[in-house]
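Visitor: What follows is the residue order along each chain.
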Amino acid sequence: MSLLSRIWALGFRAKIDHEIEDELKEHIRMRTADNVAAGMPATEARRDAVLRFGNPTAVRERVAGVDTALSLDNLWNDIRFAGRRLLKSPGFSITAILTLALGIGATTAIFSAAYSVLLRSLPFQHADRIVTINETHPQVAGGGEVTFPDYLDWRSQQSSFEQLAGYSIVSPETVSLVWDGHAEQVHRVLASSNLFSLLGVAPSLGRTFVEQDDTSNVNHVVVISAEAWQRYFGADRNVVGRNVDLNGVSFTIIGVLPPGSAYPAAGEFWMPFSLMDKESQASRVWHTVNVLGRLKPGLELAQAQADMQTIAARLARVYPATNRNVGVLLTPLREQLVGSLRPAVLSLMGCVVLVLLIACANVANLLLARAAAHSQEVAVRQALGASRLRLFTQSLSETLLLCLLGGVLGTVFAALTLPLLRMAFEHTDGADPSLVQSIQLNIPVLLVTLVVCVFTAILFGLLPMLKTPRKLTEALRPGDRGSTGRKSRSRSALVSAEIAIAIVVLFLGSLLIRSFQKLIQIDPGFRTDHLLSLEITLPQPRYEDQAPATNHFYEALLEKLRQSPGIVSAGTTNAVPLNASHSMTRFLIAGAAPLAPGAFPFAQIRYVSPDFFRTMGLGVVKGRGFKLKDIENNSNLFIVNQAFAQRYLAGRDPLTSSILLGVLSPHPDKIPVIGIVSNARDLGVETDAEPELYLPGFGTHAVILLRTNVDPVGVAAEVRDAVRELDPNQPTYHVQTIDEVLSDSLARQKMTAVLLGIFALLALTLASIGIYGVIAYSVTQRTREIGVRMAVGANRKNILLLILREAATLTGLGILAGLMGAFVCAHFARALLFQTSSADLVSVCASVAALLLVALLAAVLPAGRAATIHPMEALRSE
Amino acid sequence: MARSDLQGTLDLLVLKTLSQTGPLYGYGIVLHIQSASDDLLRIEEGSLYPALHRMEQRGWLSSQWSLSETNRKVKYYKLTAAGRKQLETAERDFEQLVKGVRAIFRYA
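Chains as they are written, first to last, in our numbering: chain E, 1 to 878; chain H, 1 to 108.
Just to be clear, a hint being listed does not mean it is correct.
List time: in silico DSS-like cross-link candidates among lysine-lysine, alpha-carbon distance up to 27 Å [what the hints assert, rightly or not]:
| no. | chain 1 | residue 1 | chain 2 | residue 2 |
| --- | --- | --- | --- | --- |
| 1 | H | K73 | E | K25 |
| 2 | H | K78 | E | K25 |
| 3 | E | K15 | H | K78 |
| 4 | H | K16 | E | K25 |
Not the full set, but computed from the structure, chain E residues with beta-carbon under 8 Å of chain H [unchecked claim]:
| no. | residue |
| --- | --- |
| 5 | E23 |
| 6 | L24 |
| 7 | F53 |
| 8 | V59 |
Chain E is nowhere near these chain H residues, computed Cβ spacing over 12 Å in every case [unchecked claim]:
| no. | residue |
| --- | --- |
| 9 | T89 |
| 10 | F94 |
| 11 | Q96 |
| 12 | A103 |
| 13 | F105 |
It should be emphasised that the hints constitute simulated quantities derived from the structure, not laboratory data. Where is the CB? At the ideal position from N, CA and C, for every residue including glycine.
With the rest of the complex left out, here is chain E:
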């Protein structure tokens, strides 16, 4: 039998027993047969055989004992033994298991996030070679969409990519789907025919686009996502080939995508690019296209970046009016999808590992203290013949049991935390929702947890073993003063390290909490409470932007809403407050010095109804607001915000100024400024108010804002009814209170701060347990010394100070080392900070003070006990 098959067989005790049984029985049978052959009677022959053999049951047990000497049976015994030992000291066990559970649970939860966000492969082929390509402009934050002609030029001139594909989420993002008498508002995406082949996504039903769809006139076809297929069509397998009505036009469904492969993730219905309006297709003014490229194998990102930059420079020379200063920005797909989460996840991951380390150090400390208490027992067992290996496996099975129990409990903690994490990351700007939803406990994550458990177990199973005295006499000597000093030194070092790590976590936690505080103290410039927003998209071509029919619809709707008792005022705009917006325009101040082509400034632009400012709570600082007449007469009038006035109208009388719009066309519109309103941080509270232009008017797509004097959620139904009264088939969507938008937009910062705060508390608690443990242990060890000191004249105060000094030394060392580490870590985490320095003094003081306080509390208890030691008793105790 090979060793392997023997080990294999060890798992099957029953089979082994059976084999032994057979072997022994055969022996007795053969002896009996020989006896009979020699002339004995049958019963006598059998009796003699058994007699010679000895007790068969005892023999069988002994043989089985030999066979299973190193088997699982033995391990199971060890584990049962370990379990009994743990049960015998429940205080130690519960502390150790809880400590490990907190450490492992936090690690598992955060690692799940890190795994899904940073490690797991994206559901696309060659995802590591896919990049997004944006146009940049010095005046537009980040990268933006590309104009359609630029996209076509890129496609034909580039040499770095296997292919380029484009898609467009043109405003309005949604169209109305009418199907089987239902009306729904669905997310649509216009896409180039090769988008899906670039991503390597094959349809689960039907087909995706082919090249003819890019150009042909019979292009009324759609591809739908798996989610849309389920939601709107009940997962009907015969959906391919059916016709549906989108914005009043009939489309044929040609394919269904597999689940989780939608790109962009919010998309539900994909239509061919050729359906984009002709004006956008021809214009280098409208930035509408998102471009994806798949790099040629082996090509560096920087090379492709340089190649694209060359093309952009060429375009800038040919079309200076539109393309001057326009650059190109290549971003790897993963970075694009989750890049905004990376700093938060990495910082959390770092802190959680630190907390785990503290937890481990604490458990190691507990085990060391136990090992010291058990050293005589261990020595006796060694003397009685237990091998070091045997003692080690036993100690290991104990720590393994601790870590596994901690791991199981920790996994439960993690499972409870994950929904909170998902919620927090979901609304982060630039985080792909489907990737965020994939943050779950899965096999790789649990495997890592298991590895962490086993690793910690081995580490701490070993540690007390290293402390086992090799010399029997040394261990058995009563009082054991020889090795105490060395032992408690190593334990003190462990605790100093714990304190240092705790300082790092505390500091990061308080930095983020401070930063979050600053964030929520910001005045956004308008009241976010009692404000409801919802969106509506009127179907074209029945309604057109700024057309009488559209105006009538909204005027009637707003009039109806105003009569509702809960609604104070109602207005419309074209961008949800506190969301990023690329609704921007080039402009020129009339009478200003002429600018070189391409040097025109940009400003945010909004179409609003007269009551918009009152509804938001923005004050008209100068001039007047809009009137309904302005819209009805189709008058072009500007109201600008203070930021605009300060930057572009300084030194002029704003109310006699005019602004030119459509500056790239030969005949720009000259529009007078009639008022100035106060600033609002309507692009997000983290962003300063940008220059903004307001025009009076209603578009087919509108964001309706309602200021209420009751709970704003309550009026949503009224709005829906009011819309339905005007048009029974008209859906409304994206109903949300602005307070929700605000808290969603801060959810990541809030969760990061809360989690780091929790980790900081954990670290603090664990460190204080560590300090308490070491000082208490040292007091017990020094009982005799304290007795002597008191006998020669030390008073209680001296003893108290003696012990506190010991605590102060290890705390002080820990804090010093910790602060150095903290500054380094904070420097790397500064991307997470808002208006807070990475060396923030308040945070330094807060974390040091918190730790000192806790350390003092943890040390005073045992120090007090030391001070009450009775010298005579202490000396007698030996």
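With the hints as your guide, set chain H onto chain E.
Guide: This is chain H only, laid out in the frame that chain E set:
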């Protein structure tokens, strides 16, 4: 001094037997020891088996189930290379033990 005891002696007997006879089952080993020692050495037959299994664990023997001369399924044991080496050591140890004991007898 050579390490030798009763258990070691049983091991030696088994190893020697197997080196002389080739693969053999437990009962066969008992019979061989008995007949080769002219019935002088009678071992408690049951105690043979823990020794066989222990030596197998140590890699001195290997075992295999196959049919005996009388067509019964029995477990055959065979000496391995490590077992042969062990036999040499055990024989040397035993020689020394005997020498030592003899010396004491002569001295007495």
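Visitor: Would the pair E:K15 and H:K78 pass a check requiring their Cα atoms to be no farther apart than 27 Å?
Guide: Answer holds: E:K15 to H:K78 is near 22 Å, not above 27 Å.
Visitor: Take a quick look at whether H:K16 and E:K25 sit within 27 Å of each other, Cα to Cα.
Guide: holds (25 Å)
Visitor: So is H:Q96 really clear of chain E, every C-beta pair being over 12 Å apart?
Guide: H:Q96 clear of chain E: closest Cβ-Cβ about 26 Å, beyond 12 Å.
Visitor: Can E:L24 be said to touch chain H, with a Cβ gap under 8 Å?
Guide: OK, holds: E:L24 within 8 Å of chain H, min 6 Å.
Visitor: Minimum Cβ separation between H:F94 and chain E greater than 12 Å?
Guide: holds (23 Å)
Visitor: Would the pair H:K78 and E:K25 pass a check requiring their Cα atoms to be no farther apart than 27 Å?
Guide: Since the Cα atoms of H:K78 and E:K25 sit roughly 20 Å apart, the hinted pair holds (cutoff 27 Å).
Visitor: With chain H as the partner, please determine if E:F53 meets the hint condition of a C-beta pair closer than 8 Å.
Guide: Hint on E:F53: holds, closest Cβ of chain H at ~5 Å, below 8 Å.
Visitor: Was H:A103 rightly flagged as not at the interface, with every chain E Cβ beyond 12 Å?
Guide: holds (31 Å)
Visitor: Decide, holds or violated, for the assertion that all CB atoms of chain E are farther than 12 Å from the CB of H:F105.
Guide: It holds; H:F105 is separated from chain E by about 31 Å at its closest Cβ, greater than 12 Å.
Visitor: Taking the least C-beta to C-beta distance, is E:E23 closer than 8 Å to chain H?
Guide: Hint holds; E:E23 Cβ to chain H Cβ min 5 Å, cut 8 Å.
Visitor: Between H:K73 and E:K25, is the straight-line Cα distance small enough, at 27 Å or below?
Guide: Holds, at roughly 11 Å.
Visitor: Just want to verify: H:T89 was marked as not at the interface with chain E; is every Cβ pair farther apart than 12 Å?
Guide: holds (21 Å)
No hint from the list above goes unmet by this structure.
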